[in-house]
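Residue numbers (the working numbering), protein chains in the order written: chain L, 1057 to 1162; chain U, 1057 to 1162; chain V, 1057 to 1162; chain S, 1057 to 1162.
These are calculated hints, taken from the structure and not from any lab test. Please note that a few of the clues may not be correct.
One copy or two, either will do: identical chains are not told apart, so a pair holds if it fits within one copy or between any two.
Unchecked claim - Calculated cross-link-like contacts (lysine to aspartate or glutamate; reagent style EDC-like; alpha-carbon spacing at most 20 Å): (1) K1153 with D1133; (2) K1158 with D1071; (3) K1153 with E1070; (4) K1139 with D1126; (5) K1127 with E1070; (6) K1158 with D1075.
4 protein chains.
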Amino acid sequence: MNQQTIDRIRKFTEDRDWDQFHSPENLAKSIVIEAAELLECFQWSDSNYDLQHVKEELADVIVYSQNLIDKLKLDIDEIVNMKMEQNEKKYPVEKAKGNSQKYNCL
Amino acid sequence: MNQQTIDRIRKFTEDRDWDQFHSPENLAKSIVIEAAELLECFQWSDSNYDLQHVKEELADVIVYSQNLIDKLKLDIDEIVNMKMEQNEKKYPVEKAKGNSQKYNCL
Amino acid sequence: MNQQTIDRIRKFTEDRDWDQFHSPENLAKSIVIEAAELLECFQWSDSNYDLQHVKEELADVIVYSQNLIDKLKLDIDEIVNMKMEQNEKKYPVEKAKGNSQKYNCL
Amino acid sequence: MNQQTIDRIRKFTEDRDWDQFHSPENLAKSIVIEAAELLECFQWSDSNYDLQHVKEELADVIVYSQNLIDKLKLDIDEIVNMKMEQNEKKYPVEKAKGNSQKYNCL
């Protein structure tokens, strides 16, 4: 996401004085609520979905994730790289290749 | 997220030949599953949470969201700006300021 | 669920003095957390699932739903019948038969 | 839930020929979608919620849970008692009393 888009998300919250509602817990609830709305696009079919609706709900997940990053003053590259390092260890290529099993079953 | 981090996410999937599991529906399920794990950090308290755990689960949400963006060949700035435009109209500053009510109750 | 099972759920909470944690909001969070664990049984496949795991996670959803019913002093038959009446009107047989579309698209 | 209410849920599905959509996976998605709608009642406040809305969304969770029980031909008392036995062992009264920590932290 470029800086201009991130700034737009931040300005939206500031302009509405909504930081007061953005506790980490409320944002975590909001992320799961939007993620479930995204899933609703695939509730009865995995192939017959409304792409425009998918884009909107995925955008909502991303916006609330950015809100939580801002609230907790996190660095997105830092936390994602930290997690990818864990994932790379939990799912070594030689065991995980072509295999969708959870790491504790590999 | 910078290009290097995005490339690391993509390489992780490619190295494991996991694109075959990344149907949009499976990724939507994965996002909600990780979002619920993030929420679990706040299950019984809104203030007493494990920040390291929050970072890890939020990173998982972000990684699967990036996977879905890649799968559907979306432009993150385009979809977020499209949604922010909708949000700005649904929540006009003069009505929404300091108010957490849903747009259809404003 | 028979009365003995319901009583066992209630006794479990009482014995541990957990009513203090069972705010309606915390129980709503708990239900979605367990529902996502249920969904995790189907994360990468709709057919290849661990039935024992499904039973356990579904039971967790049911137990927290019972906790919320107890907390709010609801009558399960009353709320389900009230909702079924709404559903029967929203999805008239002649329109909804063999059709998985949402009521606002019928 | 009494037998009449359960029968009403089953008849609703049969009359609409919806069993074809009720794969275990689709029902698991549906449960988490409704659970998130229940959580939405508490998105920005733990105390200021619409009780009628809570009842409706909780009823939806219960109805889809019953659908999944029916689909998998499960016995609700059997699976709940099986899980309560696990819970009673994981959370012994002497350790868990008045304590909301997860079993692996007790």
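Structure-based check of all given hints:
Proximity of K1153 and D1133 under a CA criterion of 20 Å is satisfied in neither setting, with 25 Å inside one chain copy and 32 Å between copies. In this assembly of identical chains, K1158 and D1071 lie within 20 Å of each other by CA distance solely across copies; the values are 16 Å between and 43 Å within a copy. For the homomeric pair K1153 and E1070, the shortest alpha-carbon distance between copies (9 Å) is at most 20 Å, but the shortest distance inside one copy (45 Å) is not. Taking the shortest alpha-carbon separations for K1139 and D1126, both the intra-copy value of 18 Å and the inter-copy value of 19 Å come in at or below 20 Å.
For a Cα distance limit of 20 Å, the shortest separation of K1127 from E1070 inside one copy, 12 Å, qualifies, whereas the shortest one across copies, 33 Å, does not. With identical chains, the CA atoms of K1158 and D1075 are at most 20 Å apart between copies only, with a shortest distance of 16 Å across copies and 37 Å within one.
Figure legend: structure checked against the earlier numbered hints; the only hint not met is number 1.
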